[in-house]
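J.: Here are the chains, one letter per residue:
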Amino acid sequence: MNWINRTIALCMIAGSVTLLPYTEKFPGSAADFPQLVLVVIIVLSVLMFARSLVPSLVSINAGEGDGNFSRIAHPVSTFAATAAAVFAMRYIGFYPAIAGLGVLLIGILGAKKPAMFIGAYAGLLVFVFLVFQLLLNVPLDSTRLWGG
Amino acid sequence: MDILLFLASVLEPMNLFAILVGVVCGLLIGGLPGLTANLGVALLLPVTYSLDVTAALLMLMSLYTSAIYGGSFAAILLGAPGTSASAATALDGFQLTRKGEFDKAIRIATFSSVVGGLASGFALLIIAPPLSLLSLKFGPAEYFMLAVFGLTIIGTLSSGNVVKGLLSGALGLFISVIGLDLDSGFPRFAFGMRELVSGFNFVPVVIGLFSVSQALFMCENVHGSIQQNDTANNNKWRFLPTFPEFREIRTTLARSSLIGIFVGILPGAGGDIGSWVSYNEARRFAKDKSQFGKGAIVGIAASESANNAVTGSSLVPLLTLGIPGSATAAILLGALIIHGLVPGRTLFTEHANVTYTVIFGFMLANLVMGVIGMLIAKRMALVATVPQTFIVPVILVLSIVGSYSLGNNIFDVYTMLGFGLLGYFMRKTGFSPAPLILGLILGPIAETGFRQSLVLAPSNVLFYILERPISLVLVALTLLSILSAVRTEWRQMRAARDGDSTKLKP
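Each protein sequence line maps, in turn, to chains A and B.
Heads up, the final residue of the first sequence is numbered 148 in the numbering used here, and it's a clean run with no missing numbers.
Heads up, the final residue of the second sequence is numbered 1506 in the numbering used here, and it's a clean run with no missing numbers.
Calculated from the structure, these hints are not laboratory results.
A hint or two may mislead.
[Said to hold, decoys possible] Chain A side only, calculated, beta carbon under 10 Å to chain B, not exhaustive:
hint	residue
1	S29
2	A31
3	K113
All values reported here derive from a predicted model rather than from experimental measurement.
The C-beta atom is built at its ideal place from N, Cα and C for all residues, glycine as well.
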């Protein structure tokens, strides 16, 4: 976990130091607050970095996933499939893309009862259609509005 | 005598129907991650055009308060808060659901929400004018310090790591400055991207950080269910807390309701801030702080009573001064004007019948909300036993649709996805997303206060802040909050070290 904290701290410092000169372009007092925030981020990141170097000051908090990155394959695959579906919406429309996402999720999540999964997923799409498209007039079926 | 007339007016069939429709719509909207109270009130506003002004306001206010309460359903069941005001509820509520004690979590949330809502109704009725005067005393320095105080609170909220909590909050502040500067019209940190000129929309960020990151976490164990213990079915379904539960939460209820009322009165500070401040205070006053985040009913009571206490009190400055205390109150201001009412003294004189009927109706709505909420919640308990394979797609699809429906803008969906991934990795590496959200909320308040203080300060801005009594009190509270958080973390580290060294001894 310590190497993660160090890496994050260094990235935050590098990012803030890179952005600080950029604020000089802001007119009038528009730069004051961003500069203050970036300086605060740098100070806190330095503290985090320094703390990771002193064993007695290392926090007991390791994060919700216990810093265990061995199980990120499923979450990352799920995220990639969702992002791909959102990207596809502009070309094939909302419903076909979301249906495609469902098919991908059967494989990624390893649904033990595919028929039940498909039924539940179809029910979800009907709910979305009734509530969002019919009741709230959200133009879900327009590929133009999705950027296509 | 007048009070009886107002009460009778509330019980008119049309007004009761308006309350019922508002409560049911609010519960549905609040319960769906991604749909907010603002969205609900805005969507229902056109529906109220044809209604009598009292029924229209009752419908909108009932929706507002029950949407805030409805947010606790998703927070407790899925760990994905239905509204941002319920984010603090998710910390302990979801843990109770995992232990198979969903019924306990939901009845505490319901009871607390009703108490908070009723308390704010009474505040609206009795102490509205004198309390609203306090918000008039808040100048730029006070608002800046209020925001700084809010940000230091998050240090103690981020699971025991002050630096990471503050860093997450500072990141939220930074994200809040992205986009057009309203004073100069200069697009800050937009890097030529047209979509970034208007900055990040708050709601997709919340959906991403809380809902999507939760769905991704569930993917780590897709064949498990939310409920890890199979004890829920053995529990007797109760509408009210048991006496020991009530005894445990009663002080928190009183304190959090008062905090919620106070926060609600301050313009710009909504249910999100109220619930987090109350949660932090409940934790600070608790004898056993270790239970927070692991299913402490006091945590749920604090968050839920405060966020519902905000709903009524945010109407105090709205009704008396025409200053909306929250985004939803701003939409309600529009509703008042559409229906021919002007906020101010006349609401309590010429239109007293409308105003007081609406206030009494608001209190009734809180009771109706509690009853309907508990009836719905019993059925919703089944969700906790459904395998996560089924829950993940529901969260993902509703997050996509919820983000898109805000402004029919694909960039909001990309924002939601980006912050979803960020939220997942933040949680994996020990950064709580909650401070980031709070930083995002407090950013505009802090910046406005800071810049105005710089202009108003005759010499040093620090002296300007310190010489004002209210901001001085806020400075003291800020220091106290930081020191208290550092001390707590130091003790936890020492306890953990002592434990380890004991194990090493032969």
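J.: Taking the hints in turn, state whether each one holds.
T.: Evaluated hints:
1. S29: A/S29 check passes; min Cβ-Cβ to chain B is 5 Å, inside 10 Å.
2. A31: holds (8 Å)
3. K113: Check passed: Cβ of A/K113 comes within 9 Å of chain B, closer than 10 Å.
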